[in-house]
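*Asks:* Protein sequences appear in the order of chains A and B.
Numbering-wise, the first sequence is residues 1 to 312 according to our numbering.
Numbering-wise, the second sequence is residues 1 to 312 according to our numbering.
Hint data in this document are derived by calculation from the structure and do not stem from the laboratory.
Some hints could be false.
Identical copies look the same in the list; a pair holds intra-copy or inter-copy alike.
[As the list claims (entries may be wrong)] Dumping the calculated EDC-like pairs for lysine to aspartate or glutamate here, alpha-carbon to alpha-carbon at most 20 Å:
1. K204 with D25
2. K287 with E276
3. K18 with D200
4. K118 with D200
5. K18 with E63
6. K33 with E300
7. K204 with E23
Below, each chain spelled out in residue letters.
Number of protein chains: 2
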Amino acid sequence: MKVLVSLGGNAILQRGQKGTAVEQDANVRSTAKHLARLIRRGERIAITHGNGPQVGNILLQNEIAKDILPPMPLDVCGAESQGMMGYMLQKAIRSELDAGGPNLPVTTLMTQTLVDAKDPAFKKPTKPVGPFYSASESAELKRLKGWRMISDSGRGYRRVVPSPRPLDILEKETIVRLFKAGTVVISAGGGGVPVVRDRDGTVKGIEAVLDKDRTAALLARIVGVDTLLILTDVEKVFINYGKPNQRGFDKMTVANGRRYLAEGQFPSGSMGPKVESAISFVADSGKRRAVIASLESAEEALRGTAGTTITN
Amino acid sequence: MKVLVSLGGNAILQRGQKGTAVEQDANVRSTAKHLARLIRRGERIAITHGNGPQVGNILLQNEIAKDILPPMPLDVCGAESQGMMGYMLQKAIRSELDAGGPNLPVTTLMTQTLVDAKDPAFKKPTKPVGPFYSASESAELKRLKGWRMISDSGRGYRRVVPSPRPLDILEKETIVRLFKAGTVVISAGGGGVPVVRDRDGTVKGIEAVLDKDRTAALLARIVGVDTLLILTDVEKVFINYGKPNQRGFDKMTVANGRRYLAEGQFPSGSMGPKVESAISFVADSGKRRAVIASLESAEEALRGTAGTTITN
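The whole structure should be built from the sequences, with the hints applied where relevant.
*Replies:* Structure follows, in structure tokens:
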């Protein structure tokens with residue numbers, strides 16, 4: 001089976017961890033073991049992943065060092081996180097495949113994701129990124145850099161950036177070529193670096209964040225996989241989550257998924273975009289499926305005995 | 001002709017610049033114009049590049065923020081710099097090729113370079129990396145982290161790391177596949193992230209720096225190019241540099257190059273490894289050539305009318 005695996009942040013950095021290289025390395029090794037098991041079962045996999053905590057740390061390092069070194073913009077920080085996380089993943093998967101086979105090439109491609117400069121998201125930035133600021137710092141940043149700032153969870157002010165819709169992947173031809181050749185391709189980390197095209201065609205990086213599962217749904221269609229496997233830190237999709245009438249699903253139709261989304265059953269920062277992306281991959285297709293499951297149950301999820309399988 | 005272009009640090013960040021994203025972007029755009037001209041002449045190019053100033057800045061950001069965020073080791077910082085610089089280069093080259101053709105895929109591959117854990121360099125670390133420290137900080141880092149420290153140019157103490165010889169490139173199969181397919185492949189930035197194999201085969205990143213031109217010579221053989229084009233900020237190879245009897249070369253044989261190297265004509269931190277790498281690529285081959293030239297004269301250098309061409 002052809003599978004695009006979309007790894008959540010917890011595959012590399014878990015809640016409550018500080019994010020040392022040793023912690024991340026241990027998490028990535030464990031993730032690589034799960035992925036290698038899928039490959040040994042004969043699944044043909046491509047991989048994408050989130051980058052929230054990592055790009056947050058890189059932004060914070062840039063901010064703290066800003067009096068000495070010019071801080072890099074968000075698109076460049078995102079590219080740094082793609083390099084960092086791709087390296088960790090490909091090193092760990094390489095080690096697994098060298099130890100237990102099969103001997104497939106593993107590679108990370110730096111990926112740029114095209115968005116529309118007229119996407120309505122640019123008028124309404126919603127995604128907080130980077131460090132917290134005081135009210136006066138916040139006012140200064142608004143004035144100096146034109147940043148949009150919000151008061152965030154009582155801890156201070158944060159920059160908000162838009163989250164436009166991914167439209168295309170500039171490196172798609174190479175991703176498809178390598179996937180067809182049997183390579184384990186890691187791409188579009190953090191949803192890819194968001195770029196727009198100027199009127200003269202020049203590609204320009206923009207300061208925005210992409211939802212990695214939205215990009216994953218696009219990438220899954222581009223690569224032509226049968227299954228989009230979204231791995232996260234919950235075991236399946238629930239409605240009425242945390243309430244007495246909570247209900248988890250082994251299976252969900254596109255129609256029901258849309259209904260629950262419309263009811264506001266899924267938080268916009270977490271399960272919402274996953275269900276939306278699953279639906280956007282599956283809808284209007286006969287055979288495609290999306291599975292939302294925990295990293296630990298990846299194998300069972302592909303067999304249909306764990307997680308939530310979404311079909312038409 | 002098949003050409004591996006090895007870009008010096010000045011292709012991305014020039015001496016005296018602060019390293020803002022705007023400066024780097026402008027340099028990279030200019031570099032991309034030179035590279036696009038080569039491609040339009042019909043050259044089939046692969047690209048590699050240095051990362052000295054960029055990885056230095058990332059290390060310094062990690063150091064400054066270390067009380068708040070766990071600093072990443074040198075191999076991870078190197079991977080970040082590959083992501084950052086690969087992104088900048090591929091964005092600029094993509095823009096150039098979209099504007100003036102030809103429509104070739106452009107991609108950056110995260111690259112790991114295998115070294116020998118028994119390389120004698122590990123016993124004698126020589127390459128200063130990262131920030132300057134006071135004498136007491138230096139003593140503390142020696143004690144706490146086991147770092148080797150040197151007193152550097154009267155400005156304080158710096159960590160020194162080994163510079164082992166690159167032996168193999170873990171992602172070579174993918175690099176070759178994409179090059180053959182006509183893709184403009186950017187790989188082995190900063191010489192690649194240096195890794196060793198443990199006894200059980202596990203790939204482990206190590207804290208070392210690679211000479212990017214040494215890796216370039218290896219990569220040039222792996223890819224099977226005819227020409228290794230080393231672009232830097234000097235116009236050609238000189239002996240007796242800066243003296244009244246200074247002499248620049250349009251052509252140099254391997255035998256003469258070896259003789260001048262033995263005479264200590266070339267500084268070990270700059271022209272020395274370039275001439276060595278040129279020789280290691282050209283030696284024992286009938287037709288191969290290496291050219292050392294300035295970025296601005298890349299086209300003339302390939303025609304043999306600028307720079308120094310090294311042949312057997």
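*Asks:* Take the hints in turn and mark each one as holding or not.
*Replies:* Structure-based check of each hint:
{"no.": "1", "hint": "K204 with D25", "verdict": "between (33 Å within a copy, 10 Å between copies)"}
{"no.": "2", "hint": "K287 with E276", "verdict": "within (18 Å within a copy, 57 Å between copies)"}
{"no.": "3", "hint": "K18 with D200", "verdict": "neither (44 Å within a copy, 29 Å between copies)"}
{"no.": "4", "hint": "K118 with D200", "verdict": "within (16 Å within a copy, 53 Å between copies)"}
{"no.": "5", "hint": "K18 with E63", "verdict": "both (18 Å within a copy, 16 Å between copies)"}
{"no.": "6", "hint": "K33 with E300", "verdict": "within (14 Å within a copy, 51 Å between copies)"}
{"no.": "7", "hint": "K204 with E23", "verdict": "between (34 Å within a copy, 15 Å between copies)"}
Of the numbered hints listed earlier, the single one contradicted by the structure is hint 3.
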